[in-house]
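Construct the complete structure from the given sequences, taking the supplied hints into account.
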Amino acid sequence: MNTKAIAIIDTSFYIHLVKMGLIDIFINLYNVIVCNKVKSEITYFKYNNMYVPLDIEIFDKLVKDKRITIKNPKKISKKLKSEISKDSGELYSIALAQELDCIVFIDNGRPFEYCKKYDVKCANSIELMVYLNSKKLLTKEEITNKLRIIQNSIPIKYLEDCLNILNVVIL
Amino acid sequence: MKKDFENMKVKTLRLKDSVSNIIYYVAKEKNVTESEYIRSLIEKDVKEFKINKAIDAYTKREVNISKAAEIADISYREFMVILEERFIPLNLDSFSIKYGVDSIKKSLKK
Numbered sequence: 378m379n380t381k382a383i384a385i386i387d388t389s390f391y392i393h394l395v396k397m398g399l400i401d402i403f404i405n406l407y408n409v410i411v412c413n414k415v416k417s418e419i420t421y422f423k424y425n426n427m428y429v430p431l432d433i434e435i436f437d438k439l440v441k442d443k444r445i446t447i448k449n450p451k452k453i454s455k456k457l458k459s460e461i462s463k464d465s466g467e468l469y470s471i472a473l474a475q476e477l478d479c480i481v482f483i484d485n486g487r488p489f490e491y492c493k494k495y496d497v498k499c500a501n502s503i504e505l506m507v508y509l510n511s512k513k514l515l516t517k518e519e520i521t522n523k524l525r526i527i528q529n530s531i532p533i534k535y536l537e538d539c540l541n542i543l544n545v546v547i548l
Numbered sequence: 559m560k561k562d563f564e565n566m567k568v569k570t571l572r573l574k575d576s577v578s579n580i581i582y583y584v585a586k587e588k589n590v591t592e593s594e595y596i597r598s599l600i601e602k603d604v605k606e607f608k609i610n611k612a613i614d615a616y617t618k619r620e621v622n623i624s625k626a627a628e629i630a631d632i633s634y635r636e637f638m639v640i641l642e643e644r645f646i647p648l649n650l651d652s653f654s655i656k657y658g659v660d661s662i663k664k665s666l667k668k
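Heads up: the protein sequence lines correspond to chains A and B, in order.
Positions in the first sequence are counted from 1; adding 377 to them yields our numbering.
Positions in the second sequence are counted from 1; adding 558 to them yields our numbering.
Estimated spans, in silico, between C-beta atoms of each pair:
#1 A:401 / B:606: 32 to 42 angstroms
#2 A:460 / B:663: 17 to 27 angstroms
#3 A:429 / B:580: 32 to 42 angstroms
#4 A:537 / B:586: 46 to 56 angstroms
#5 B:618 / A:405: 37 to 47 angstroms
#6 A:544 / B:663: 18 to 28 angstroms
#7 A:421 / B:643: 17 to 27 angstroms
#8 A:442 / B:663: 25 to 35 angstroms
#9 B:611 / A:477: 28 to 38 angstroms
#10 A:408 / B:631: 33 to 43 angstroms
#11 B:572 / A:540: 54 to 64 angstroms
#12 A:537 / B:597: 43 to 53 angstroms
#13 A:540 / B:600: 39 to 49 angstroms
Think of the hints as simulated: they come from the structure by calculation, not from any bench.
Backbone N, C-alpha and C define an ideal beta-carbon position, used for all residues, glycine too.
In structure tokens form, the structure reads like this:
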């Protein structure tokens with residue numbers, strides 16, 4: 378058993394992580410756990426049978442290689458149920474993070490309020506990049522290129538705040 | 559095909575002559591029946607209606623992505639793609655960058 382820290386990840390975070398080519402570095406940092414609901418959100422795909430998104434293939438391989446573990450929370454608190462959409466991946470992910478006292482990665486702001494209120498460690502893919510930059514594991518140029526990939530999904534104000542911290546300019 | 563019809567209801571509608579003529583020609587051009595063509599138009603509009611409802615609820619922060627995808631009757635990833643294509647950002651602005659980075663540091667502390 379390795380001694381890496383545990384991280385629970387949500388669907389939006391996983392999709393962005395693969396899109397930005399950060400999955401390997403992330404898997405090296407953490408023992409990654411995914412709830413069944415998130416697994417079904419990641420793998421559910423009904424466009425057509427001709428094409429399967431790359432992140433689904435990667436996910437299946439990581440699960441097969443036991444680099445991602447599937448686990449569900451034993452129980453979900455009433456407080457959590459009342460604040461997060463029921464039967465969502467986020468709900469199960471936060472419940473499991475509370476149960477295991479570990480970090481949860483979610484690329485969606487809404488559950489953040491709950492996490493802050495109840496002192497649940499919580500971050501998103503952009504904050505991960507800021508951390509990686511502080512540890513010199515990712516250069517500013519690499520971050521700029523990665524941010525461009527998900528630029529449309531990031532609110533302008535939030536992006537500006539991040540870029541100010543990193544002292545980076547995206548044209 | 560017979561099985562498909564079993565789950566369908568009959569609705570009658572009145573159309574202007576000009577629209578009715580266009581439907582006839584478009585259906586002929588697309589090599590489908592007029593019923594099939596009208597059905598596809600309605601289904602397309604209903605799908606768009608549901609997506610707009612979901613986007614509205616998501617941008618008002620009433621629901622998260624999972625729930626919004628459920629309202630739109632599409633998959634989670636499809637909903638993320640739609641948001642991206644329509645330049646609608648994820649609800650990230652309430653996130654505190656400092657809280658996130660500190661959480662990562664704490665989680666990796668030996």
